[in-house]
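S.K.: As a plain string of letters, each chain reads:
Number of protein chains: 2
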Amino acid sequence: MKSICGVSGVRAAGKKEKKYGLALVSAEGSAAGVFASNLMKAAPVRLMEERITKGRLSGVIVNSGCANAYTGTRGMRDAQEMAEIGAGALGIDNTEIGVASTGVIGRYLDLPLIRRQAESISQSLSRSEAAEEAVAQAIMTTDLTQKHALVERETFAVGGVTKGSGMIAPNMGTMIALLYTDAAIEPRELKDALRTATTRTFNRVVVDGDESTNDILLCTATGNAGRVAPGEFAEALEECCRSLAVQIAADGEGASKLLEVVVRGAPTEEEAAVVARTVVGSPLVKTAVYGEDPNWGRVIAAAGRAGVWFEPDRVSLTIEGGGTIVPLVDNGTIVVDLAKAKDAMGGKKVVFSLDLGAGNATATAWGCDLTERYVEINGRYTT
Amino acid sequence: MKSICGVSGVRAAGKKEKKYGLALVSAEGSAAGVFASNLMKAAPVRLMEERITKGRLSGVIVNSGCANAYTGTRGMRDAQEMAEIGAGALGIDNTEIGVASTGVIGRYLDLPLIRRQAESISQSLSRSEAAEEAVAQAIMTTDLTQKHALVERETFAVGGVTKGSGMIAPNMGTMIALLYTDAAIEPRELKDALRTATTRTFNRVVVDGDESTNDILLCTATGNAGRVAPGEFAEALEECCRSLAVQIAADGEGASKLLEVVVRGAPTEEEAAVVARTVVGSPLVKTAVYGEDPNWGRVIAAAGRAGVWFEPDRVSLTIEGGGTIVPLVDNGTIVVDLAKAKDAMGGKKVVFSLDLGAGNATATAWGCDLTERYVEINGRYTT
Numbered sequence: 001m002k003s004i005c006g007v008s009g010v011r012a013a014g015k016k017e018k019k020y021g022l023a024l025v026s027a028e029g030s031a032a033g034v035f036a037s038n039l040m041k042a043a044p045v046r047l048m049e050e051r052i053t054k055g056r057l058s059g060v061i062v063n064s065g066c067a068n069a070y071t072g073t074r075g076m077r078d079a080q081e082m083a084e085i086g087a088g089a090l091g092i093d094n095t096e097i098g099v100a101s102t103g104v105i106g107r108y109l110d111l112p113l114i115r116r117q118a119e120s121i122s123q124s125l126s127r128s129e130a131a132e133e134a135v136a137q138a139i140m141t142t143d144l145t146q147k148h149a150l151v152e153r154e155t156f157a158v159g160g161v162t163k164g165s166g167m168i169a170p171n172m173g174t175m176i177a178l179l180y181t182d183a184a185i186e187p188r189e190l191k192d193a194l195r196t197a198t199t200r201t202f203n204r205v206v207v208d209g210d211e212s213t214n215d216i217l218l219c220t221a222t223g224n225a226g227r228v229a230p231g232e233f234a235e236a237l238e239e240c241c242r243s244l245a246v247q248i249a250a251d252g253e254g255a256s257k258l259l260e261v262v263v264r265g266a267p268t269e270e271e272a273a274v275v276a277r278t279v280v281g282s283p284l285v286k287t288a289v290y291g292e293d294p295n296w297g298r299v300i301a302a303a304g305r306a307g308v309w310f311e312p313d314r315v316s317l318t319i320e321g322g323g324t325i326v327p328l329v330d331n332g333t334i335v336v337d338l339a340k341a342k343d344a345m346g347g348k349k350v351v352f353s354l355d356l357g358a359g360n361a362t363a364t365a366w367g368c369d370l371t372e373r374y375v376e377i378n379g380r381y382t383t
Numbered sequence: 001m002k003s004i005c006g007v008s009g010v011r012a013a014g015k016k017e018k019k020y021g022l023a024l025v026s027a028e029g030s031a032a033g034v035f036a037s038n039l040m041k042a043a044p045v046r047l048m049e050e051r052i053t054k055g056r057l058s059g060v061i062v063n064s065g066c067a068n069a070y071t072g073t074r075g076m077r078d079a080q081e082m083a084e085i086g087a088g089a090l091g092i093d094n095t096e097i098g099v100a101s102t103g104v105i106g107r108y109l110d111l112p113l114i115r116r117q118a119e120s121i122s123q124s125l126s127r128s129e130a131a132e133e134a135v136a137q138a139i140m141t142t143d144l145t146q147k148h149a150l151v152e153r154e155t156f157a158v159g160g161v162t163k164g165s166g167m168i169a170p171n172m173g174t175m176i177a178l179l180y181t182d183a184a185i186e187p188r189e190l191k192d193a194l195r196t197a198t199t200r201t202f203n204r205v206v207v208d209g210d211e212s213t214n215d216i217l218l219c220t221a222t223g224n225a226g227r228v229a230p231g232e233f234a235e236a237l238e239e240c241c242r243s244l245a246v247q248i249a250a251d252g253e254g255a256s257k258l259l260e261v262v263v264r265g266a267p268t269e270e271e272a273a274v275v276a277r278t279v280v281g282s283p284l285v286k287t288a289v290y291g292e293d294p295n296w297g298r299v300i301a302a303a304g305r306a307g308v309w310f311e312p313d314r315v316s317l318t319i320e321g322g323g324t325i326v327p328l329v330d331n332g333t334i335v336v337d338l339a340k341a342k343d344a345m346g347g348k349k350v351v352f353s354l355d356l357g358a359g360n361a362t363a364t365a366w367g368c369d370l371t372e373r374y375v376e377i378n379g380r381y382t383t
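Protein sequences appear in the order of chains B and D.
This note's numbering numbers the first residue of the first sequence as 1 and each following residue consecutively.
This note's numbering numbers the first residue of the second sequence as 1 and each following residue consecutively.
Please keep in mind that the hints were generated in silico from the structure rather than gathered at the bench.
Do not take every clue at face value.
Pairs count within a copy or across copies, as identical chains cannot be separated in the list.
As the list claims (entries may be wrong) - With a Cα cut of at most 25 Å, we get these calculated DSS-like pairs of lysine-lysine:
1. K2 with K191
2. K342 with K18
3. K342 with K19
4. K19 with K191
5. K191 with K348
6. K15 with K2
7. K2 with K349
On a predicted model such as this, the values are computed, not experimentally measured, just so you know.
Excised from the complex, chain B in its bound form (with noise of 0.2 Å):
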């Protein structure tokens, strides 16, 4: 298994036919979330905020290819309706059911469609790596690969698969992400954990900077495997949430290549992060790692509107790639060799470690080059 159906538990099925996929996923067991915070979140996001707060689901259903967002009271019905197909499809009570949307902003759900599908997997739901690729697969949108993760320990297991290449930014970006554990959890302690890893990995990714609308994360902890140490739980699931971020930044839409920010020396973590994320999101540093062009002063300049205090004469920056490290400030004084910065820079992963010499805390943010794919693919999305 390579996810989901790694957790004991979880049975999983799925479809796609063009733009319109439907999962559904079976799960019983205590659960948390984490949602768009977009004023204009989509109708499936608040019906589940609220939710969520029974700290319980039974399964999941998800489709792809309309976000049934900003579509207002009508699209508030939608997805209540999408809840009790779901719900039916799967024998649970409708209270007990996820739901979640990706696609297209402003279209209404096709509803008779989403019914025909969920009776058409309802009964193929199993524990097999096919179902949990079905499940990948239909919630893709613009993905151009299935992201799946699974992270087993002695006596438990944290799997997900997730989508999501565009509209991602910070706060989640279009995402969804439905993640499962084994591990007996109560729901405050799960969204404790919850919360923290997104804030580390998926809140650390961004392609575009875009925001969405529609951003869903589920984790279910279905007990089977009994109680484990909420430390050793929560570094698990901040493992296969990191995986999951990771994959998202390498699938970005048009990416050629996976971009790595490491910021060490900042007076706080949260400091650190906002400092990552303005490198890895800056159009210009993004076209440069594109361009496999040495721009380094762009790495500079955008760590300099960041909104974070540090003394420009004490950073440090190397790049990294291909197996070499390269200096390229060192304590503030320039020492870069650009053949040897290019050179670095021709693998599938670059990363830049800036060191601010402002404190000890830091943190890594993910991303990738920026490509005419991107413009092309979003060129032409609706149409």
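Fit chain D to the supplied structure of chain B, relying on the hints for placement.
M.R.: Showing chain D alone in chain B's frame:
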């Protein structure tokens, strides 16, 4: 005349050799400036922030090709030497010269080149259209077009040249603007008018969300035309700045269309401006405009993440282009005719008007579409 040479008391000269340009402008009078807020602000910016406090300039020297940014104490000495070169070439006091640089970050100035260029053009200072064109050309980097504006009133004029097409964001982006008026204005009054005009024009242009280390806007009032009413001057200055700001947006790197976003019905002008800038800077909105794809939900999603509170159900949105206005959302209800909306996107200018239904304040922001060409330009800028 098109710009600065239309102002009494201004003489200009400029020269460009490949990527390396130099401009000299002679004009004595009271002066004020607005500068980059980036923590990594360049040496000439730091020098001018200090010198402008005197409230007086007799001339300006500007180079393009090297930003003299992130160059430490050597950079500060270089900026001072560049000031001396300019003052010598113009025959003015070394404390009354404005200095600005634009180009690649993290490189030292080629002072022998600057000295040679300054000496060669100092003989040709003149009040001609060719001279103002030479200045506008000399300060360009990735700009494709010269940017001139001249606002003529009955008794006075305001003229300016500017450069800027990438790394353009609120807080002035990478731009240099040289503004002149023959109205007699006290330094303090000039500074206030300049701040207001900048807030409403240059600070509402977003090309790529990156913010520069090198922004300098300098305005000199020669006084040759005598006193004018402060309100009348402020209005003319704002008109001149708006013309230049829109030219920057239209010449955004790789741009094929000018994008204007008008936000109405906001609680305050500042909140209207935040929403307008967020929409105009959204990569997803920008690519949709490029693709002439009426994916208006991206406008709504961007507005929703701006951090300004309003009722999603009270929003109205129209798109305007090619002489027609097409309603998209009316008071929270989707009313779009997608074919008509697509038609409205066919021209060189696309306007989204968003009414938040939350007050009476208005603001406009300008930007451009995001095209493959932006990626090409910025993937290969230093090499």
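S.K.: Now look at each hint and say whether the structure bears it out.
M.R.: Now the hints, each set against the structure:
1. K2 with K191: Classified as within; 24 Å inside a copy, 63 Å across copies.
2. K342 with K18: Between copies only: 24 Å across, 41 Å inside.
3. K342 with K19: This pair counts as between: shortest inter-copy Cα distance 21 Å, intra-copy 39 Å.
4. K19 with K191: For K19 and K191, the Cα distance exceeds 25 Å both inside one copy (32 Å) and across copies (55 Å).
5. K191 with K348: Intra 35 Å, inter 49 Å, cutoff 25 Å: neither.
6. K15 with K2: Within. Shortest intra-copy distance 18 Å satisfies the 25 Å Cα cut-off; inter-copy 63 Å does not.
7. K2 with K349: Intra 23 Å, inter 49 Å, cutoff 25 Å: intra-copy only.
Checked against the numbered hints above, the structure breaks hints 4, 5 and satisfies the rest.
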